[in-house]
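The whole structure should be built from the sequences, with the hints applied where relevant.
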Amino acid sequence: MNKLLRSFPVIFIAITFFVQTAPAQTIARPKLVVGIVIDQMRWDYLYRYADLYKPDGGFKRLLNNGFTCENTFVPYTPTVTAVGHTCIYTGSVPAIHGITGNNWYDNIEHKTVYCTDDSSVQTVGSTTTTAGKMSPRRMLTTTVGDELKLSTNFKSKVIGIAIKDRGAILPAGHAATAAYWYDYQTGNFITSTYYTNALPQWVQDFNKRKIVDSLYQLNWQLALRKDVYLNYSRADDEPYEKKPFGNDQTAFPYTLSKYAGKDYSIIASTPQGNTLTVAMAEAAVSAEHLGKNTVTDFLAVSFSSPDYIGHAFGPNSFEMMDDYVRLDMELGKFFSFLDSTVGKGQYTVFLTADHGVAHIPNFSIANNLPGGSFDDLKITGEMNAGLKTNFGKDNIVIGILNCQVVFNNDLITANNLDKESITKWVVTYLQKQESVAQVFKISDLMMFPLNERQKEMFVNGYYPSRSGEIQIIVKPGYVEGNGTGTSHGLWNPYDSHIPLLWYGWGIKYGSTNREIYMTDIAATVSALLHIQMPSGCIGKVIEEVMK
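Numbering (our numbering), first residue to last: 3 to 549.
Take these hints with a grain of salt, some might be off.
Subject to a maximum C-alpha distance of 25 Å in a straight line, what follows is the list of computed DMTMM-like cross-link-like pairs (lysine to aspartate or glutamate) [what the hints assert, rightly or not]:
1) Lys212 x Glu284
2) Lys244 x Asp378
3) Lys542 x Glu517
4) Lys390 x Glu436
5) Lys477 x Glu458
6) Lys210 x Asp229
7) Lys113 x Asp377
8) Lys335 x Glu284
9) Lys113 x Glu422
10) Lys346 x Glu545
11) Lys477 x Glu454
12) Lys421 x Asp378
13) Lys390 x Asp378
14) Lys421 x Glu454
15) Lys426 x Asp378
16) Lys510 x Asp341
17) Lys510 x Glu72
It should be emphasised that the hints constitute simulated quantities derived from the structure, not laboratory data.
What follows is the structure in structure tokens.
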């Protein structure tokens, strides 16, 4: 017995030594996750232009070698850029993450705010002072990138890149290593003091190359024969298209060289904007050694140009088709770059969209399809005129934001106006509009007779201090504006049915038509990486995509 007791400390020390020195179990993870969001991509573009996509292009690589979720939907309104990017990376909805639009009227701050505005930070990399006063602080939950950083004790690098500030900032998250977006005044990529006090040398070097001026010299000509476009699109020059390059340029080819050194904003409305984005993404991978770390890194890339082009020319245009043909080639080159730098099979990609888009209203009218325009500015003016006649005060309605009426409650309270009577007047007025299907007080949402899908989407999009008081539902095919150009933001499938493709490490080949939601993306990435899902995530893991 004494011998046994004497040997116990030795055994205990040996066991303790083993526990302290045994290596921790290594969790299998990809070297790099690349999240790709195409700003304004309808699901049907995957197949509408399928015959035009190249075998070595991006879309066929994903479709032929990855997993596609064919029936993926946005589960809230409004279906706009800031909300979509936030939902993808948080797995949450506006009712939880708080990003209720690109802009909204804040009932606490008593003003209209932009989703990433932050007056407490300064621009880094430009003299355009307002362009960089941005951060993710208005987003109330973590992102999958934040959770990756937490899981690796902040060793992972997480970087967001886009032309649009919101397309870079919101996906990258609160704890991001960096987010870079485009300054339309200088043609440079910039950031804010939220992330750093000075641009890294590699970003400065990238900006010095003035790639935009070189891309302008290429102009914008058709990538394919003109007769090919007529098989997929209407005429090149339609009266209902906008003219982002000036009234003197209404059809192909577009001369862009005249903008070199003069107007750096035009690049966003051309396929060269995608080329610029890929170049910046590749520079980030190389300079930051993404995928070369001892832990998984994350790159969030958003392609903003399809949205600019789509708004101006619509989904049935030469321009939209040409942009996707060229984007396919850019994605193919980008994946080949990742193969050579990170390693084929060593990175995971998901590709999706923040929203779709409706047909141009006057296109629908010209082709005997349901649809038209909902002129929100005109209607706001008419409501305020009528309210002044009935209640004696100007500007009782601040505006229509995200298809919701926002009242000037300070004015109403200060003048002791009858809020209930004002609300009834507005509802009655809107019900008489040709473009409006239904209208109701948002406080009555749960009692209002609505289709369950619509009701769920409106509930998911409602955050009290950042939402309006009256919800407008326009008829299918109707779009905010005056009939020229198009938009998005509604519950309808043309705005809410989006592509979702997976490829690379940990992903198996296949497809599913099961109904899936945008909120499921962050949950699935979290499961793939064996990390906690974001703090507001309501999504479910798409088990089919993983090996």
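Checked hints:
Taken as a hint, the Lys212 and Glu284 pair is honoured in the structure, with Cα atoms around 16 Å apart against an allowance of 25 Å. Taking the CA atoms of Lys244 and Asp378, the gap is near 18 Å; set against the 25 Å cutoff, the hint holds. The straight-line distance between the Cα atoms of Lys542 and Glu517 is roughly 12 Å, inside the 25 Å bound, and the hint therefore holds. For the given pair, Lys390 sits about 23 Å from Glu436 by alpha-carbon distance, which is consistent with the 25 Å threshold.
At roughly 18 Å between alpha-carbon atoms, Lys477 and Glu458 fall within 25 Å of each other, so this suggested pair holds. Annotation: proposed proximity of Lys210 to Asp229 is violated, straight-line Cα distance about 40 Å (limit 25 Å). A distance of roughly 23 Å separates the Cα atoms of Lys113 and Asp377; the hinted pair therefore holds under the 25 Å criterion. Distance hint between Lys335 and Glu284 is fulfilled; the C-alpha atoms sit about 10 Å from each other, no more than 25 Å.
For the proposed pair Lys113 and Glu422, the alpha carbon gap of about 22 Å is at most 25 Å, so the pair holds. This hinted pair checks out: Lys346 and Glu545 have alpha carbons roughly 23 Å apart, not beyond 25 Å. In summary, the hint linking Lys477 to Glu454 is supported, as the alpha carbons are separated by about 17 Å, within the 25 Å threshold. Using a Cα cut-off of 25 Å, the hinted pair Lys421 and Asp378 holds, with the two alpha carbons roughly 22 Å apart.
Pair hint Lys390 plus Asp378 holds up; C-alpha atoms about 18 Å apart against a cutoff of 25 Å. Only pairs whose Cα atoms come within 25 Å are accepted, and Lys421 paired with Glu454 is rejected, the gap being roughly 29 Å. Taking the CA atoms of Lys426 and Asp378, the gap is about 19 Å. The hint holds against a cut of 25 Å. The suggested pairing of Lys510 with Asp341 holds, with an alpha-carbon distance near 18 Å, which does not exceed 25 Å.
As the CA atoms of Lys510 and Glu72 are separated by approximately 15 Å, the hinted pair is consistent with the 25 Å bound.
This entry does not satisfy hints 6, 14, going by the numbered hints stated previously.
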